[in-house]
Amino acid sequence: MFDFNDQMKNLEALNENIAIKQGCQKYPHSKIKVGAVLFKVDVSEWDDGSTSISIDEWIVRSIKRKRGTQTPIGKSCTGYEYGDTAPLYVNVTAKIKDVTWVRQSRKVNDFGWSKSIPQYYKKQFQVGERLPNGIFTTPLAALKSALKDNERMLARYIDYRNRETDETEIAEFDEDITHKTKSVRLLKSRIKALTKK
1 MFDFNDQMKN LEALNENIAI KQGCQKYPHS KIKVGAVLFK VDVSEWDDGS TSISIDEWIV
61 RSIKRKRGTQ TPIGKSCTGY EYGDTAPLYV NVTAKIKDVT WVRQSRKVND FGWSKSIPQY
121 YKKQFQVGER LPNGIFTTPL AALKSALKDN ERMLARYIDY RNRETDETEI AEFDEDITHK
181 TKSVRLLKSR IKALTKK
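For the record, in the sequence shown the residue sitting at position 131 is 131 according to the numbering used here, with numbers rising by one throughout.
Note that these hints are calculated values from the structure, not bench results. Cβ coordinates follow ideal geometry from the N, Cα and C atoms, glycine included. Among the hints, a few may not be true.
Stated by the list, open to error - The calculated lysine to any residue pairs, modelled on SDA-like cross-linking and capped at a C-alpha distance of 25 Å, are:
id, residue 1, residue 2
1, 31, 87
2, 188, 48
3, 26, 54
4, 97, 193
5, 26, 190
6, 188, 158
7, 107, 59
8, 95, 194
9, 64, 24
10, 95, 111
11, 64, 107
12, 26, 191
13, 196, 184
14, 97, 56
Stated by the list, open to error - Pairwise CB distance ranges, derived in the manner of DEER restraints:
id, residue 1, residue 2, range
15, 35, 164, 31 to 41 Å
16, 118, 35, 18 to 28 Å
17, 182, 91, 12 to 22 Å
18, 65, 160, 40 to 50 Å
19, 108, 161, 47 to 57 Å
20, 33, 115, 20 to 30 Å
21, 169, 64, 47 to 57 Å
22, 28, 54, 19 to 29 Å
23, 44, 114, 15 to 25 Å
24, 115, 28, 46 to 56 Å
25, 102, 128, 30 to 40 Å
26, 111, 91, 11 to 21 Å
27, 109, 194, 24 to 34 Å
Taking the hints into account, I'd like the entire structure generated from these sequences.
Given below as structure tokens:
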């Protein structure tokens with residue numbers, strides 16, 4: 001016999017295991033509030049050989065229920081699994097100058113959120129769940145996660161290169177290995193500089 005509740009529990013356990021393997025950080029619901037700042041590291045490797053590392057701020061913009069779970073006279077019936085209350089969701093947006101954080105007027109220091117923010121710079125997670133992949137509560141944790149990801153990718157490139165026999169593919173993997181080695185070195189130096197403060 002198919003039991004819906006057991007299937008949902010199995011799915012939740014599977015999602016939790018995936019989040020743990022990806023290194024997603026827990027975020028206690030007691031600390032979640034509008035205006036809280038989270039961090040994500042973006043490592044960009046360019047064709048000219050340069051590498052840039054930015055620590056982006058992700059701001060909690062709202063904590064609310066999804067559309068359709070609230071009616072003018074109160075909460076709508078959302079199913080027996082929630083009782084009479086729907087789960088709360090945290091909405092975070094990346095604060096990137098001239099993309100999501102723009103000048104509002106000609107006045108000095110009059111900046112604010114853009115009216116049109118691309119979906120790429122928005123994330124949502126349920127209160128009580130782990131943070132989205134790559135987003136952390138401190139810049140140091142975000143840098144350490146990015147370092148771990150880049151070291152894993154560097155090891156994968158080296159493994160692929162060692163298996164390859166085609167000379168053009170080997171040359172491409174050598175270039176990728178050079179870029180990743182530089183990224184790992186830069187991330188280690190950023191972590192060292194941050195821990196010295």
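Going down the list of hints, with the structure as the test:
no. : hint                   : in the structure
1   : 31 to 87               : holds, 17 Å
2   : 188 to 48              : holds, 22 Å
3   : 26 to 54               : holds, 23 Å
4   : 97 to 193              : holds, 24 Å
5   : 26 to 190              : holds, 24 Å
6   : 188 to 158             : holds, 19 Å
7   : 107 to 59              : holds, 24 Å
8   : 95 to 194              : holds, 21 Å
9   : 64 to 24               : holds, 22 Å
10  : 95 to 111              : holds, 11 Å
11  : 64 to 107              : violated, 32 Å
12  : 26 to 191              : holds, 21 Å
13  : 196 to 184             : holds, 19 Å
14  : 97 to 56               : holds, 10 Å
15  : 35 to 164: 31 to 41 Å  : violated, 50 Å
16  : 118 to 35: 18 to 28 Å  : holds, 22 Å
17  : 182 to 91: 12 to 22 Å  : violated, 35 Å
18  : 65 to 160: 40 to 50 Å  : holds, 46 Å
19  : 108 to 161: 47 to 57 Å : holds, 53 Å
20  : 33 to 115: 20 to 30 Å  : holds, 24 Å
21  : 169 to 64: 47 to 57 Å  : holds, 50 Å
22  : 28 to 54: 19 to 29 Å   : holds, 27 Å
23  : 44 to 114: 15 to 25 Å  : holds, 21 Å
24  : 115 to 28: 46 to 56 Å  : violated, 32 Å
25  : 102 to 128: 30 to 40 Å : holds, 33 Å
26  : 111 to 91: 11 to 21 Å  : holds, 20 Å
27  : 109 to 194: 24 to 34 Å : holds, 27 Å
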